[in-house]
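Visitor: Here are the chains, one letter per residue:
4 protein chains.
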Amino acid sequence: MGIVVINFKTYAEATGQRAVELAKICEKVAKDTKMDVIVAVQNVDLFHVSSEVSIPVYAEHIDPVKYGAHTGKDLPEALVENGATGVLINHSEDRAELAEIEDDIKRAKGVGLQTIVCAPTAASSEAIAALSPDFIAVEPPELIGGDVSVSKAKPELISDTVKLVHRIDEKTPVLCGAGVKDHEDVRIAMNLGCKGILVASGVTKAKDPEKALLDLIKGMKKERKKRTGAA
Amino acid sequence: MGIVVINFKTYAEATGQRAVELAKICEKVAKDTKMDVIVAVQNVDLFHVSSEVSIPVYAEHIDPVKYGAHTGKDLPEALVENGATGVLINHSEDRAELAEIEDDIKRAKGVGLQTIVCAPTAASSEAIAALSPDFIAVEPPELIGGDVSVSKAKPELISDTVKLVHRIDEKTPVLCGAGVKDHEDVRIAMNLGCKGILVASGVTKAKDPEKALLDLIKGMKKERKKRTGAA
Amino acid sequence: MGIVVINFKTYAEATGQRAVELAKICEKVAKDTKMDVIVAVQNVDLFHVSSEVSIPVYAEHIDPVKYGAHTGKDLPEALVENGATGVLINHSEDRAELAEIEDDIKRAKGVGLQTIVCAPTAASSEAIAALSPDFIAVEPPELIGGDVSVSKAKPELISDTVKLVHRIDEKTPVLCGAGVKDHEDVRIAMNLGCKGILVASGVTKAKDPEKALLDLIKGMKKERKKRTGAA
Amino acid sequence: MGIVVINFKTYAEATGQRAVELAKICEKVAKDTKMDVIVAVQNVDLFHVSSEVSIPVYAEHIDPVKYGAHTGKDLPEALVENGATGVLINHSEDRAELAEIEDDIKRAKGVGLQTIVCAPTAASSEAIAALSPDFIAVEPPELIGGDVSVSKAKPELISDTVKLVHRIDEKTPVLCGAGVKDHEDVRIAMNLGCKGILVASGVTKAKDPEKALLDLIKGMKKERKKRTGAA
Numbered sequence: 001m002g003i004v005v006i007n008f009k010t011y012a013e014a015t016g017q018r019a020v021e022l023a024k025i026c027e028k029v030a031k032d033t034k035m036d037v038i039v040a041v042q043n044v045d046l047f048h049v050s051s052e053v054s055i056p057v058y059a060e061h062i063d064p065v066k067y068g069a070h071t072g073k074d075l076p077e078a079l080v081e082n083g084a085t086g087v088l089i090n091h092s093e094d095r096a097e098l099a100e101i102e103d104d105i106k107r108a109k110g111v112g113l114q115t116i117v118c119a120p121t122a123a124s125s126e127a128i129a130a131l132s133p134d135f136i137a138v139e140p141p142e143l144i145g146g147d148v149s150v151s152k153a154k155p156e157l158i159s160d161t162v163k164l165v166h167r168i169d170e171k172t173p174v175l176c177g178a179g180v181k182d183h184e185d186v187r188i189a190m191n192l193g194c195k196g197i198l199v200a201s202g203v204t205k206a207k208d209p210e211k212a213l214l215d216l217i218k219g220m221k222k223e224r225k226k227r228t229g230a231a
Numbered sequence: 001m002g003i004v005v006i007n008f009k010t011y012a013e014a015t016g017q018r019a020v021e022l023a024k025i026c027e028k029v030a031k032d033t034k035m036d037v038i039v040a041v042q043n044v045d046l047f048h049v050s051s052e053v054s055i056p057v058y059a060e061h062i063d064p065v066k067y068g069a070h071t072g073k074d075l076p077e078a079l080v081e082n083g084a085t086g087v088l089i090n091h092s093e094d095r096a097e098l099a100e101i102e103d104d105i106k107r108a109k110g111v112g113l114q115t116i117v118c119a120p121t122a123a124s125s126e127a128i129a130a131l132s133p134d135f136i137a138v139e140p141p142e143l144i145g146g147d148v149s150v151s152k153a154k155p156e157l158i159s160d161t162v163k164l165v166h167r168i169d170e171k172t173p174v175l176c177g178a179g180v181k182d183h184e185d186v187r188i189a190m191n192l193g194c195k196g197i198l199v200a201s202g203v204t205k206a207k208d209p210e211k212a213l214l215d216l217i218k219g220m221k222k223e224r225k226k227r228t229g230a231a
Numbered sequence: 001m002g003i004v005v006i007n008f009k010t011y012a013e014a015t016g017q018r019a020v021e022l023a024k025i026c027e028k029v030a031k032d033t034k035m036d037v038i039v040a041v042q043n044v045d046l047f048h049v050s051s052e053v054s055i056p057v058y059a060e061h062i063d064p065v066k067y068g069a070h071t072g073k074d075l076p077e078a079l080v081e082n083g084a085t086g087v088l089i090n091h092s093e094d095r096a097e098l099a100e101i102e103d104d105i106k107r108a109k110g111v112g113l114q115t116i117v118c119a120p121t122a123a124s125s126e127a128i129a130a131l132s133p134d135f136i137a138v139e140p141p142e143l144i145g146g147d148v149s150v151s152k153a154k155p156e157l158i159s160d161t162v163k164l165v166h167r168i169d170e171k172t173p174v175l176c177g178a179g180v181k182d183h184e185d186v187r188i189a190m191n192l193g194c195k196g197i198l199v200a201s202g203v204t205k206a207k208d209p210e211k212a213l214l215d216l217i218k219g220m221k222k223e224r225k226k227r228t229g230a231a
Numbered sequence: 001m002g003i004v005v006i007n008f009k010t011y012a013e014a015t016g017q018r019a020v021e022l023a024k025i026c027e028k029v030a031k032d033t034k035m036d037v038i039v040a041v042q043n044v045d046l047f048h049v050s051s052e053v054s055i056p057v058y059a060e061h062i063d064p065v066k067y068g069a070h071t072g073k074d075l076p077e078a079l080v081e082n083g084a085t086g087v088l089i090n091h092s093e094d095r096a097e098l099a100e101i102e103d104d105i106k107r108a109k110g111v112g113l114q115t116i117v118c119a120p121t122a123a124s125s126e127a128i129a130a131l132s133p134d135f136i137a138v139e140p141p142e143l144i145g146g147d148v149s150v151s152k153a154k155p156e157l158i159s160d161t162v163k164l165v166h167r168i169d170e171k172t173p174v175l176c177g178a179g180v181k182d183h184e185d186v187r188i189a190m191n192l193g194c195k196g197i198l199v200a201s202g203v204t205k206a207k208d209p210e211k212a213l214l215d216l217i218k219g220m221k222k223e224r225k226k227r228t229g230a231a
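Chains as they are written, first to last, in my numbering: chain F, 1 to 231; chain Z, 1 to 231; chain V, 1 to 231; chain A, 1 to 231.
To be clear, the hints were calculated from the coordinates, so they are not data collected in a lab.
Among the clues, some could well be false.
Note that identical chains are pooled: a pair holds if it fits in a single copy or bridges any two copies.
To be verified - Quick list of in silico lysine-lysine cross-link-like pairs, DSS-like style, CA-CA up to 27 Å:
no., residue 1, residue 2
1, Lys31, Lys163
2, Lys109, Lys163
3, Lys66, Lys205
4, Lys106, Lys163
5, Lys66, Lys207
6, Lys66, Lys24
7, Lys24, Lys163
8, Lys152, Lys211
9, Lys205, Lys24
10, Lys152, Lys106
11, Lys163, Lys152
12, Lys225, Lys66
13, Lys207, Lys171
The task is simple: from the sequences and hints, build the whole structure.
Guide: Structure follows, in structure tokens:
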């Protein structure tokens, strides 16, 4: 239990060669802590990054096209060939049509890619659950990249999302994100029913990304311990 | 004089490992014939393909974003870091807003990427010329991927485009494409004022891509010879 | 029980003055048969049509913007002021982002507009149900405007949709559409759990729209009678 | 010489019944001053506004579709039937693909609608000139709705635009907009070669729209007088 997904976006600190280096730091932390750490990188960085690390590397976008005449699209099959093991869908910075989300998930499954579908609200998280993604990540857009975490600013959003998503399918894991910066933010999220977190600037733009990531994982382990201890 | 740009699109024969192999064939022909051959590949294939060949490799799409919080976009700087030397813009299968074309060209120039901007008509080619791209490629959408070449079906479109583009800037080279399949198609295009061609299925889906590419180049050399002879 | 929604689209027979005339025919049938008949018209036709008939007139599109600087959008408040009582959302010819569908529904409710949200599949119908629209209309895009009705070609799509939607909210009425042409198509749809139908060319392009609409309603009454008789 | 186009956008003061009232004020000023005043309104407001005034009423948006199955679009023919005499295209709040701008202009001309195509820069204004619209309106997006006018902040943008547009076609009139608030802003614009202005909040949100509009026209007349006097 407990995964950390780091969205590299188009941050200077997480592009090209620096994306490779950051992914290596994430890999080190994953090994040291025995936690599941996933990096999501610009599609164009997929091959380079995935060639250098063994942790899962996700694409930031999928185009649900098929082999044929489609200029400017990245084929799902090409994502896989270039090392992707999963993909982010419908991020608030990359919103997709409802019908496209459904196609994205089908195409991703067809080629063996895991899917993390983002949603801004509890109701749209429930909507997405009906489309059977592997993970749902709830993120209120107004908190993304900010100083206050969703865990502290909107804890009820997390618990509502978990409840509504599990009404559709109890097994669909919910992640949360937006403003998540330290172990306490993570501990609260896990306590409210999340199975992991989706972070970006909290790690990519940290002075010391390794330390920042370790701190987030500390919150995850703390909550896990509590549960195990309680059991 | 005379460049051949091969758009790999999302053809099965031009994706992932097969994109690398096809690019190598193009590289071989470029060396053998001493012609400029450019391949445009899915963004996600850029790193792998550009690592294996020394001919220019273009991206099929550019996002005019800057470093920061942009999920699902490929940063112009990331295209360059992953080996791109140029980019296709506004292909009829990847139409862009006018204001975005202007931004695309500026951002591409800023990072040192060559730009080939596509247009469906002579008037829109002239419009694009006002934005100072490196190349303009005119392609009537209804002929793309078909059996009849623009050279034979619409020769006046080519000559009109060359005339209108040169009214804005005499030095902007015009390419043409759509249905271009053999040396005669190419010879006509060059004769009408084109500086090169943009092809896709004519090479990528050919039984023998090397032979197909050599045949196109034959038309180019034929026209060049005529001009040199005439001079 | 039983509503008929007629989508005027941009059909020549249902634009401008002819939209007014067609709406009057629909109004006559509504009165004669005492059924709920709704017409959805081009936004630009709303004022004229709604000034001339007393049946509900829906907009074909809503922009979830607020008062302010938004050129080229139709404000929800403006739809209401011009006579709309409801709106079609996410038609397969006018697909919307998931987050926009959520905003559309909220804005529509805020100004008192009824919402019919369209979906191509049973799963996406369930997804939409989570967003609490007034109606869900399931329409497989490949059958829209064709000769075979969804009722006959895909009866299981209708029953699956009804089942999945009611898993979320038992009270959300499901409509169906695509290829619906006669009373038997309608009778089957109602029998499978629909509360009404969404039609377009079946009425707008009929030689005799009044007769076509009466025939559809016949199927609706037939099924109703059966149920009442059975009760 | 000298036209004033007032873009009503989705301002509260320029929607529905209030759009009608504001249009009447514009009509009064047009008559009193014998100037060409055009109002551009939300498409859904076209019929109502155009029924009540005799000055030209433009749509804020055009969809270049044809009669047929297009839900959620406003047909060019329907704009005309509902009283539009022209249309705004490619406003910075409603950006269009280059190929669509070309289609928009063709479709508008086909049904007899005047076209005002907006552009953010001198180069893109030149680009648009190649597509032969009736008017080009240059507006730097960062000044729209602000306190400083384009005339004062970027006079060279206006003169460059006029020069580049006239390089393509000497007869295409250039309008300018963004932050235009008083007669001096207008006088400068006209002096730099504009044939009119495109305003929005400067009139729609003015305490006294009639007075605001009269003031703008004062600047126009002043410049005209100077020219006539000089002749």
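Visitor: Against the earlier hints, flag every one the structure doesn't satisfy and list their numbers going up.
Guide: Going through the list in order, the structure violates hints 1, 7, 12, 13 and respects the others.
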